[in-house]
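Colleague: Listed below, chain by chain, are the residues.
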Amino acid sequence: MNPTRLSSPRALIDLRDQLVDQREEGKTIITVCAGTGCVVCGCEPVAAAFREALQQSQLDKDVEIRTTGCHGFCERGPLVVIQPDGIFYQRTRPADAKVIVERTIKSGELVKKLLYRDPQTKEVIVHERDIPFYKKQMRLVFGKNGFMDPTSIHDYIALGGYQALAEALTAMEPEEIIEEVKKSGLRGRGGGGFPTGRKWASCRRAKEEPKYVICNADEGDPGAFMDRSLLEGNPHAVIEGMIIGAYAIGSNDGFVYVRNEYPLAVKNLTIAVAAAHEYGLLGDNILGTGFTFDIGLSRGGGAFVCGESTALMASLEGKVGEPRAKYIHTIEAGLWNKPSNLNNVETWANVPLIIEKGADWYAKIGTQGSKGTKVFALTGKVNNTGLVEVPMGITLREIICDIGGGVPGNKRLKGVQTGGPSGGILRVGTDGAGAPEDGAREDEAAVNLIDLPVDFDELTKAGSMMGSGGMIVMDEDSCVVDVAKYFLNFLQEESCGKCLPCREGLRLMLSILTRISEGRGELEDIDILNEISRTLSDTSLCDLGRSAPNPIHSTIRYFRQEYVAHIADKRCPAGVCKELVSHAIDENCIGCHVCFKVCPSDAIVGSPKQLYTIIQEKCIQCGACYQICNYNAIRRVKRGGGEMVQRRAGEVWKPRTKEKPVTAA
Amino acid sequence: MDTTSTSNRLSRQTIETIVNNYGAKPTALIMILQDVQKHYRYLPLDVLRLTAREMNLPFAQIYGVATFYRSFSLEPKGKNHICVCTGTACHVRQADVIVDKLQRDLSIKPGETTPDMEFSLETVNCLGACALGPLVTANDVYYGNMTVSKVDKMMAKLRGKETIEETEAEEAA
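Sequence lines, in order, name chains A and B. The first sequence maps to residues 1 to 665 in our numbering. The second sequence maps to residues 1 to 173 in our numbering.
Warning: the hint list may mix true and false statements.
[As the list claims (entries may be wrong)] With a straight-line cut-off of 16 Å between C-alpha atoms, the simulated EDC-like cross-links for lysine to aspartate or glutamate are:
#  : chain 1 : residue 1 : chain 2 : residue 2
1  : A       : LYS618    : A       : GLU587
2  : B       : LYS79     : B       : GLU122
3  : A       : LYS106    : A       : ASP60
4  : A       : LYS597    : B       : ASP152
5  : A       : LYS578    : B       : GLU122
6  : A       : LYS136    : A       : ASP118
7  : A       : LYS122    : A       : ASP402
8  : A       : LYS182    : A       : GLU356
9  : A       : LYS597    : B       : ASP96
10 : B       : LYS157    : B       : ASP100
11 : A       : LYS578    : B       : GLU75
12 : A       : LYS61     : A       : ASP118
13 : B       : LYS25     : A       : GLU317
[Said to hold, decoys possible] Residues from chain B that face chain A, not an exhaustive set, calculated with beta carbons under 10 Å:
#  : residue
14 : PRO26
15 : GLN34
16 : LEU106
17 : ASP116
18 : CYS126
19 : LEU127
Everything labelled a hint here was simulated from the structure, so no lab data went into it. Ideal placement from N, C-alpha and C gives every residue a C-beta, glycine not left out.
Kindly generate the complete structure, drawing on both the sequences and the hints.
Modeller: Structure representation (structure tokens):
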């Protein structure tokens with residue numbers, strides 16, 4: 001028998017105690033974030049440099065280096081946090097490792113230039129917990145992420161991992177677990193928001209055998225990456241949740257369907273499953289309780305529709321991922337026509353928390369209808385991009401302005417898109433009532449939803465949805481018609497084509513929207529779009545088609561003026577729609593010659609240190625000069641006329657500096 | 001089949017190894033095709049036929065799966081694989097400017113390969129590194145916060161040139 005195998009829940013507790021004993025309290029640990037975001041920023045050389053620096057100063061025995069999962073603050077990567085104090089260094093480079101070891105580790109000084117500086121108050125902040133980005137968050141599901149090496153099952157066990165499983169298997173009946181999950185009020189985090197406990201209960205009641213539990217890690221929503229970060233940073237929590245669920249439902253087989261575009265998640269999950277096997281936490285006779293459960297890994301083929309339960313199961317069977325009508329639910333007849341319980345990654349990761357701390361504790365967090373926390377991927381035109389975990393019921397203002405730090409570069413907040421391609425764009429603003437520039441019309445154009453509490457029901461009421469938790473912030477430079485067109489194009493490409501309303505409806509809507517964005521729209525088009533939207537939501541086969549009109553519907557509801565501007569005035573107020581704008585250079589130009597070099601069509605003429613000019617006949621409106629200009633000298637104006645659309649009157653413009661985030665480009 | 005018998009035997013061996021890694025069960029089909037694609041850089045039709053035989057599945061099912069999922073290609077791919085993320089976050093940060101730029105530089109559209117088989121250009125819906133958008137991956141190396149000038153640098157690197165000037169000189173020539 002495998003010596004590391006844990007033969008009883010007692011053995012697990014002993015192992016944890018032993019691990020905790022071995023770890024000296026107060027030992028200095030340098031944690032380097034190794035989530036995909038920080039990997040892209042180059043965290044691996046940083047970790048290597050730390051190892052070298054510690055070796056050189058012969059501190060490698062006393063100080064531990066831990067590469068952890070995602071800390072969430074991807075904007076500032078690579079992140080280094082020195083525990084136990086929680087000193088937070090951001091945007092570190094390999095060369096900084098030596099300095100940190102010399103100064104912070106050896107003599108307890110701070111390296112000032114690497115500390116976080118609040119962009120608004122200019123205050124320097126030392127500790128991770130004090131940074132506004134983290135302050136308002138409630139990190140439960142992501143709580144262990146910053147403290148453990150995802151490839152080490154020891155780290156997870158030392159932090160109390162698998163204790164919930166031990167309790168569930170020994171002290172609880174399956175029905176009790178389901179009752180507990182029901183009482184906690186946990187709802188599916190994948191988008192639908194179906195009560196998890198009820199789903200489990202129905203699946204347990206289903207008569208057929210065997211039963212399957214499936215983890216949906218096919219995170220296809222563009223702009224959402226919490227599932228990836230969870231699988232990368234804390235795969236054991238997901239595995240533990242699945243085992244508890246399987247025990248409650250009465251299943252012995254589980255599958256994780258994970259996106260192939262997430263190589264690090266696949267890798268860490270594979271390591272975690274193997275480790276769980278080795279420790280007797282997966283496989284036969286788990287913890288000596290006689291319960292058997294195993295998890296198989298399946299890599300997806302990159303089809304958005306496979307996030308839909310029936311399509312995902314078809315894909316797991318090795319078929320084309322097309323959904324079917326759900327007259328019979330998948331909890332009765334799913335994978336291979338057997339009862340199958342599908343939950344999303346984040347839902348599974350919530351389960352150990354509920355069992356460990358109790359349903360009553362969990363139900364205290366959140367709102368009436370939505371309990372617990374939700375992880376959002378805050379992206380787009382916002383200062384602090386990253387993953388944020390917040391209690392349900394927090395307002396959009398708190399998320400965007402307090403945690404997200406607002407919109408970069410003096411721009412005006414305009415909208416926020418939630419729920420991925422199936423969600424909608426909500427009108428939010430921080431100045432006044434968020435009224436549109438060109439005079440609010442009667443309807444909902446003057447609504448400002450900045451103080452909307454974020455939970456399942458409120459978002460649906462507002463015409464969007466929770467979805468998997470993407471939250472894309474838009475400023476005045478984002479065109480809602482363009483974004484709606486983007487989502488339609490995405491959905492149209494991803495529609496599997498099985499049912500007619502979705503296949504043809506989306507194509508038709510896209511062609512109308514394209515016409516509008518090119519200045520060839522008619523005012524009736526808005527009504528036609530609304531009508532097709534209704535048909536699609538009423539008659540499509542699966543949720544992809546049924547929710548597909550949300551982006552259109554919500555933008556017409558909140559931003560009708562912008563559609564009218566495109567149609568009647570042939571004008572794109574945000575200056576995005578290529579066919580409606582042209583570029584010009586103004587007196588801010590210092591003649592740095594950069595735009596001249598970047599122009600692909602030789603449309604820019606001039607000589608260094610002089611004002612440059614764009615020859616309109618040659619310009620292809622590619623936007624390359626606009627993006628590259630450091631002096632804010634390129635303007636976007638209405639095609640064919642001199643009216644300025646890109647800038648607001650009366651605003652003071654400062655030249656762009658190198659420091660300015662790329663978002664303003 | 002247009003392949004010679006030797007290469008045919010070789011591909012049969014390759015397919016056998018890949019299929020045996022997972023076992024010839026339909027559940028593994030997508031993963032098997034991914035590995036086949038990794039080996040050949042695309043899914044050649046005769047190899048798909050071999051896979052069907054090896055897995056004892058109807059060719060129609062394999063062809064269906066290979067054409068349904070976005071990540072599979074039945075066309076040969078270039079040596080360098082450039083992929084622009086066009087997820088929502090990258091889109092609002094103007095990823096299309098980057099796509100346009102690469103299209104112009106390579107004279108191909110997304111999904112196509114240059115005639116010299118050097119570069120393939122693709123777009124992907126989201127790579128999940130939204131904080132660093134617009135994001136481009138070239139041969140699985142990530143390039144974050146892309147701008148048109150950074151594209152030049154990246155392309156110079158891929159073409160094996162140390163500096164942009166050389167690439168520019170070549171383009172001018």
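Colleague: Among all the numbered hints in the text so far, which are the ones the structure does not match?
Modeller: Numbers 1, 5, 9, 10, 11, 12, 16 and 17 - these are the hints that the structure violates, sorted from lowest upward.
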